[in-house]
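Undergrad: Below, each chain spelled out in residue letters.
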Amino acid sequence: MLKGRLLKDKIARHYMLLATILSIFILFLIGGGLLIKSLPIIREKSLWTLLTTSNWRPFKGDFGFASYILSTLYVTGIAIIIALPLSLLTSIYIIEYASPRILRAFTAVVDLLSGIPPVIYGVWGTLTIVPFISEKLAPHFVEFSTGYSVLAGGIVLAIMIIPLIISILIEVFSAVPKEMREASLSLGATKWQTVKKVVIRKSIPGIVAATVLAISRAFGETIAVLMVCGNFTDLPKSIFDACYPIPALIANNYGEMMSVPRYESALMFAAFLLFFIIVLFNVISRLVLIQIDKRYQL
Amino acid sequence: MELMTAPSIAEQPTPKAKSSSGCLRPHIEVENLNLHIQNNHILKNINLAIPDKSITCIIGPSGCGKTTLLRTFNRLHDGSVDVKITGKLFVDCEDIYDKDAEVTHIRKKMGLLAQRPCSLPMSIIDNVVYGPRIHGVRGRRKLYAIARHQLNAVGLWEEVKDRLKSPASKLSIGQQQRLCLARGLAVEPEIILGDEATSALDPISSKTIEELFLSIKDKYTIVLVTHTLRQAKRIADYVAFMYMGELIEFGTADQVFNHPKHKLTKEYISGGFS
Amino acid sequence: MKKLEEKIFKFLMIGSTVLILSVLLYILYVIMKKGLPSLSWDMISKIPSGGFYLGKEGGILNAIMGSLYLIFFSVIISLMVSVPVVMYLNFTLRRKSRLAAFARLTFDVLFGIPSIVYGAFGFTLMIYFGVQASLLGGIIAISLLIIPVMIRSIDEVAILIPNDLVEATKSLGATNYETIKVITRQLLPGISTAVLLSIGRGIGDAATVLFTAGYTDSIPTSLSQPTASLPLAIFFQLSSPVEEVQNRAYAAALVLTIIILTLSFAARYFSRRLSKNKI
Numbered sequence: 047m048l049k050g051r052l053l054k055d056k057i058a059r060h061y062m063l064l065a066t067i068l069s070i071f072i073l074f075l076i077g078g079g080l081l082i083k084s085l086p087i088i089r090e091k092s093l094w095t096l097l098t099t100s101n102w103r104p105f106k107g108d109f110g111f112a113s114y115i116l117s118t119l120y121v122t123g124i125a126i127i128i129a130l131p132l133s134l135l136t137s138i139y140i141i142e143y144a145s146p147r148i149l150r151a152f153t154a155v156v157d158l159l160s161g162i163p164p165v166i167y168g169v170w171g172t173l174t175i176v177p178f179i180s181e182k183l184a185p186h187f188v189e190f191s192t193g194y195s196v197l198a199g200g201i202v203l204a205i206m207i208i209p210l211i212i213s214i215l216i217e218v219f220s221a222v223p224k225e226m227r228e229a230s231l232s233l234g235a236t237k238w239q240t241v242k243k244v245v246i247r248k249s250i251p252g253i254v255a256a257t258v259l260a261i262s263r264a265f266g267e268t269i270a271v272l273m274v275c276g277n278f279t280d281l282p283k284s285i286f287d288a289c290y291p292i293p294a295l296i297a298n299n300y301g302e303m304m305s306v307p308r309y310e311s312a313l314m315f316a317a318f319l320l321f322f323i324i325v326l327f328n329v330i331s332r333l334v335l336i337q338i339d340k341r342y343q344l
Numbered sequence: 076m077e078l079m080t081a082p083s084i085a086e087q088p089t090p091k092a093k094s095s096s097g098c099l100r101p102h103i104e105v106e107n108l109n110l111h112i113q114n115n116h117i118l119k120n121i122n123l124a125i126p127d128k129s130i131t132c133i134i135g136p137s138g139c140g141k142t143t144l145l146r147t148f149n150r151l152h153d154g155s156v157d158v159k160i161t162g163k164l165f166v167d168c169e170d171i172y173d174k175d176a177e178v179t180h181i182r183k184k185m186g187l188l189a190q191r192p193c194s195l196p197m198s199i200i201d202n203v204v205y206g207p208r209i210h211g212v213r214g215r216r217k218l219y220a221i222a223r224h225q226l227n228a229v230g231l232w233e234e235v236k237d238r239l240k241s242p243a244s245k246l247s248i249g250q251q252q253r254l255c256l257a258r259g260l261a262v263e264p265e266i267i268l269g270d271e272a273t274s275a276l277d278p279i280s281s282k283t284i285e286e287l288f289l290s291i292k293d294k295y296t297i298v299l300v301t302h303t304l305r306q307a308k309r310i311a312d313y314v315a316f317m318y319m320g321e322l323i324e325f326g327t328a329d330q331v332f333n334h335p336k337h338k339l340t341k342e343y344i345s346g347g348f349s
Numbered sequence: 007m008k009k010l011e012e013k014i015f016k017f018l019m020i021g022s023t024v025l026i027l028s029v030l031l032y033i034l035y036v037i038m039k040k041g042l043p044s045l046s047w048d049m050i051s052k053i054p055s056g057g058f059y060l061g062k063e064g065g066i067l068n069a070i071m072g073s074l075y076l077i078f079f080s081v082i083i084s085l086m087v088s089v090p091v092v093m094y095l096n097f098t099l100r101r102k103s104r105l106a107a108f109a110r111l112t113f114d115v116l117f118g119i120p121s122i123v124y125g126a127f128g129f130t131l132m133i134y135f136g137v138q139a140s141l142l143g144g145i146i147a148i149s150l151l152i153i154p155v156m157i158r159s160i161d162e163v164a165i166l167i168p169n170d171l172v173e174a175t176k177s178l179g180a181t182n183y184e185t186i187k188v189i190t191r192q193l194l195p196g197i198s199t200a201v202l203l204s205i206g207r208g209i210g211d212a213a214t215v216l217f218t219a220g221y222t223d224s225i226p227t228s229l230s231q232p233t234a235s236l237p238l239a240i241f242f243q244l245s246s247p248v249e250e251v252q253n254r255a256y257a258a259a260l261v262l263t264i265i266i267l268t269l270s271f272a273a274r275y276f277s278r279r280l281s282k283n284k285i
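Line by line, the protein sequences give chains A, B and C.
Be aware that the first sequence starts at 47, since it is given in our numbering, and climbs by one per residue.
Be aware that the second sequence starts at 76, since it is given in our numbering, and climbs by one per residue.
Be aware that the third sequence starts at 7, since it is given in our numbering, and climbs by one per residue.
Treat the hints loosely; a few may be bogus.
What the hints assert, rightly or not - These stretches of chain C come out as covered by chain A in the derived footprint (C-beta under 8 Å, 3 or more residues):
| # | stretch |
| --- | --- |
| 1 | 31-40 |
| 2 | 260-269 |
Stated by the list, open to error - Distance condition first, Cα-Cα at most 30 Å in a straight line; then the derived DSSO-like pairs of lysine-lysine:
| # | chain 1 | residue 1 | chain 2 | residue 2 |
| --- | --- | --- | --- | --- |
| 3 | A | K56 | C | K39 |
| 4 | C | K9 | B | K183 |
| 5 | C | K102 | A | K237 |
| 6 | B | K163 | B | K236 |
| 7 | C | K39 | C | K62 |
| 8 | A | K243 | C | K13 |
Rather than coming from a laboratory, the hints here were simulated on the basis of the structure.
The C-beta atom is built at its ideal place from N, Cα and C for all residues, glycine as well.
Kindly produce the complete structure, drawing on both the sequences and the hints.
TA: Here's what the structure looks like:
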């Protein structure tokens with residue numbers, strides 16, 4: 047009887063360990079696999095050329111990623127600039143000023159909507175944002191814009207990451223102890239002063255973490271941006287011009303990549319680039335958070 | 076349980092007149108204060124006068140409402156949606172629950188020392204000068220002088236003078252409570268409220284805080300909620316005994332401890348219940 | 007001056023809250039407005055005929071069934087990996103074990119990797135093993151995507167199980183495996199929530215299936231056939247010049263949205279139940 051039980055236990059242990067090692071291994075498998083696939087083009091063209099030139103003519107063998115990298119940065123940048131202040135303001139209001147009922151209702155809505163798939167945002171973006179930019183907004187600034195633009199990508203992306211940031215910030219602000227707020231109020235500070243000088247200050251690590259997560263998400267978002275960004279290779283001169291972020295590049299061209307030499311390698315390099323940047327970003331922000339914690343012990 | 080009538084003014088120690096504002100009431104005077112949380116009647120018709128420049132301890136079994144009462148003094152219930160307060164509470168003859176009363180200047184008059192020392196997420200010196208800064212004091216030298224003075228007053232200066240810029244959270248819990256007291260004193264209050272201020276501390280730190288209170292009571296009106304009778308016996312000038320949301324008895328420490336008037340007071344003091 | 011600042015910010019805060027709420031609800035409104043007229047019994051019970059891009063007849067059954075198949079198998083695979091991993095990290099290894107810390111770090115990173123990378127990697131694997139764009143390919147890619155999601159979600163509840171419970175069971179002479187069986191029962195609501203969250207993540211994702219699952223008009227009958235999926239049904243059919251095809255895209259969008267909202271509701275219900283029964 048005991049032997050049977052011990053055997054089961056042994057098998058279970060081995061299985062669990064195997065599953066764990068395998069899961070950890072996935073990360074390195076992905077990184078390694080993509081890197082290996084990218085090597086052909088890196089060897090042929092040198093990393094510097096790949097990253098800084100913007101000539102993209104696969105059939106001629108030119109693979110310059112610069113404009114794609116920049117497009118990605120522009121779109122992500124705009125998304126963060128829109129999303130972060132709005133999320134902060136809303137979260138502060140919900141936690142500090144709104145009644146508990148509003149808090150519950152709002153978190154419910156945000157929770158439900160944060161699961162909406164990117165493709166749906168893409169559909170909505172095409173139906174609403176693109177015409178808006180093309181007809182109502184752009185005419186004030188430029189001569190012509192199809193609406194499929196950096197700005198459209200940025201706006202759609204912003205709306206996508208706002209629920210994410212808000213749900214993190216709400217948790218972060220709720221974690222500030224009641225006594226801390228009371229200590230500040232008891233000294234004669236107003237609610238707003240307390241929020242500014244105590245609540246936000248105490249929450250800085252959380253705010254940083256939320257931002258990092260949001261940037262990661264925005265960076266890699268493919269389908270929603272693809273549907274509204276215009277997919278045009280030339281470097282965008284204004285936010286009303288079309289752009290072509292890296293995820294869109296990969297998504298649009300996977301069909302053709304087998305036909306041209308080095309095309310597949312180039313696209314895998316693009317995927318690896320995404321992978322690498324996001325992992326790096328995550329690791330760095332983790333280190334930064336540890337430092338903040340050590341230094342300021344908030 | 077009969078509703079105990081509030082001690083008549085005649086039984087209470089004569090309040091000192093505040094000559095500057097012409098106010099004749101005691102420093103804090105509670106008039107017919109009732110507090111409800113949702114439908115529960117937590118504070119029942121409290122009438123109480125806190126004498127000037129002395130230590131008043133509010134004692135009573137847990138759940139009797141003493142912390143709730145203390146927090147009405149600086150309107151800390153303001154943020155809670157479920158709390159309803161009726162009645163009047165005069166501080167320096169101003170009813171702080173009046174519709175037009177301005178809350179931050181009321182709170183400035185009072186320093187609160189909470190049960191668990193709560194240092195703000197900033198450096199030691201920033202903690203101390205947080206209050207003055209809020210109220211418009213500027214100038215590094217001036218703020219430094221304030222910090223030095225108050226940290227000296229609570230006996231922390233020597234221990235922290237070399238690390239004023241380091242985070243306050245690195246201090247020990249006893250040091251943090253003294254820091255909170257320094258912080259509270261820095262806004263130059265008239266009244267100090269203590270909500271079981273030593274219950275989270277070790278005996279030595281507790282003693283230090285108690286001695287601080289004793290040393291400053293000639294300049295401030297101090298109201299302390301204490302959970303131990305011993306502490307009240309050690310430091311109180313006046314004692315208020317509460318039970319189930321009512322004020323049962325109020326008098327000088329000698330009166331309440333040695334000649335209690337009410338049966339419940341007698342029972343509590345002799346350790347009958349806690 | 008102070009009062010003015012507070013007033014301005016209060017105005018901004020309320021404005022921002024209202025703005026965000028309105029935009030999110032507006033999105034739902036637009037999806038419903040576009041999709042509802044096209045949503046009919048025919049739409050969800052028929053496959054498109056005449057080619058999905060240009061054919062006017064038929065519905066989106068291919069996408070619905072495709073997505074269901076894809077997510078069903080992916081969840082099973084993912085559970086077979088995620089549950090053991092979480093059990094191992096929390097109840098077999100010591101709490102402070104370095105392997106556990108490293109594993110969690112890895113999973114956090116994996117969680118943040120965009121789905122297109124999973125799609126690209128899945129594609130690479132497929133080429134390596136000679137698998138065509140098919141149901142199997144899609145399952146592989148989606149499984150890889152949702153494993154970190156599931157691990158994280160289950161880990162969040164497993165970590166809350168107090169040590170005393172584990173020790174009590176062990177001190178009765180139970181083996182580690184038997185202890186875990188007991189705990190798993192306790193974690194079922196948490197695991198259900200994790201499953202629902204993973205379904206939500208996996209069923210709506212287009213980038214993973216883009217390279218790996220192919221696209222087709224019909225419902226797959228074996229793992230090696232390509233399959234349609236709801237996200238791709240939307241993506242591919244939206245840009246068709248034929249109005250009926252576009253309408254199929256909108257209907258698919260609505261169906262997908264309804265599925266996700268239902269899952270979210272269910273997940274919230276389960277996690278409420280979970281917190282009610284906490285020890």
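Undergrad: I'd like to know which numbered hints this structure contradicts. Please list them from smallest to largest.
TA: Numbers 3, 5, 6 - these are the hints that the structure violates, sorted from lowest upward.
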